[in-house]
Every structure is written in structure tokens, then in C-alpha cells.
Amino acid sequence: MEEVELKPNHNICIKDRKVCEIEGVKKLDSFDNKEFLIDTVQGYLHVKGVDLSLGTMDMDKGFLSIYGTIDSLSYLNKTKSDKKEGFFTKLFK
Numbered sequence: 001m002e003e004v005e006l007k008p009n010h011n012i013c014i015k016d017r018k019v020c021e022i023e024g025v026k027k028l029d030s031f032d033n034k035e036f037l038i039d040t041v042q043g044y045l046h047v048k049g050v051d052l053s054l055g056t057m058d059m060d061k062g063f064l065s066i067y068g069t070i071d072s073l074s075y076l077n078k079t080k081s082d083k084k085e086g087f088f089t090k091l092f093k
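Position 38, counted from 1, in the sequence shown is what the working numbering calls 38; the numbers after and before it change by one each time, with no gaps.
Source of the hints: derived by calculation from the structure; they are not laboratory data. Everything numeric in this text was worked out from a predicted model, so none of it was measured. Keep in mind that the hints are not guaranteed to be accurate.
Below 25 Å or equal to it, Euclidean Cα-Cα: the simulated BS3-like pairs (lysine-lysine) are [what the hints assert, rightly or not]: (1) Lys27 - Lys48; (2) Lys34 - Lys15; (3) Lys26 - Lys61; (4) Lys61 - Lys48; (5) Lys26 - Lys48.
Given these sequences and hints, build the entire structure.
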């Protein structure tokens with residue numbers, strides 16, 4: 001019988017645009033009061049907003065929460081052209 005690799009769940013719950021709870025977090029790369037860059041099991045997640053702050057962070061469980069006004073969430077896809085330029089160069093264009 002073959003071994004099947006199970007990926008952790010990746011879920012996002014936004015409550016009234018004031019709280020964002022994220023499961024499946026591998027690491028928090030960077031954050032400030034306007035944006036968070038989070039490495040998840042489904043790729044990098046970019047969260048933008050106003051007056052953002054880090055709530056609960058439990059890397060053993062892969063959980064993170066963000067407080068503030070959530071404006072947008074987007075996944076950053078890696079392509080061949082991304083490899084020519086640095087990741088942060090693409091992010092901050």
C-alpha cells in the first residue's frame with residue numbers, strides 16, 4: 001500500500017472585516033499596520049488593510065489571527081518570470 005502525504009488544512013475566516021483567522025500557516029514573513037505577508041501551505045498570502053495588528057500566533061498548530069480593517073487578501077503565484085526577479089521586487093512594484 002502506498003503512503004499518502006496529507007497536507008494540512010488551509011482555511012481563512014473573516015469576521016465583519018475586523019478579524020481574519022488563518023489556518024495552514026507555515027510562517028509569518030513580514031507585517032506592519034498596512035499589510036501581512038504569510039507563507040501558507042497553499043502559497044504566499046498577502047493581506048492588506050488599515051490598522052492591522054497581529055493577534056494570536058501559534059506556529060505549532062499553523063494558526064494566525066489578524067485584527068484591524070481587512071481590505072484584501074491575495075495569493076502570490078510563482079511563475080518562471082518571478083524567478084528572474086526577487087520575490088520582494090515583484091511584491092513591491
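Checked hints:
| no. | hint | in the structure |
| --- | --- | --- |
| 1 | Lys27 - Lys48 | 17 Å, holds |
| 2 | Lys34 - Lys15 | 18 Å, holds |
| 3 | Lys26 - Lys61 | 9 Å, holds |
| 4 | Lys61 - Lys48 | 23 Å, holds |
| 5 | Lys26 - Lys48 | 19 Å, holds |
Of the hints listed earlier, there is not a single one the structure fails to meet.
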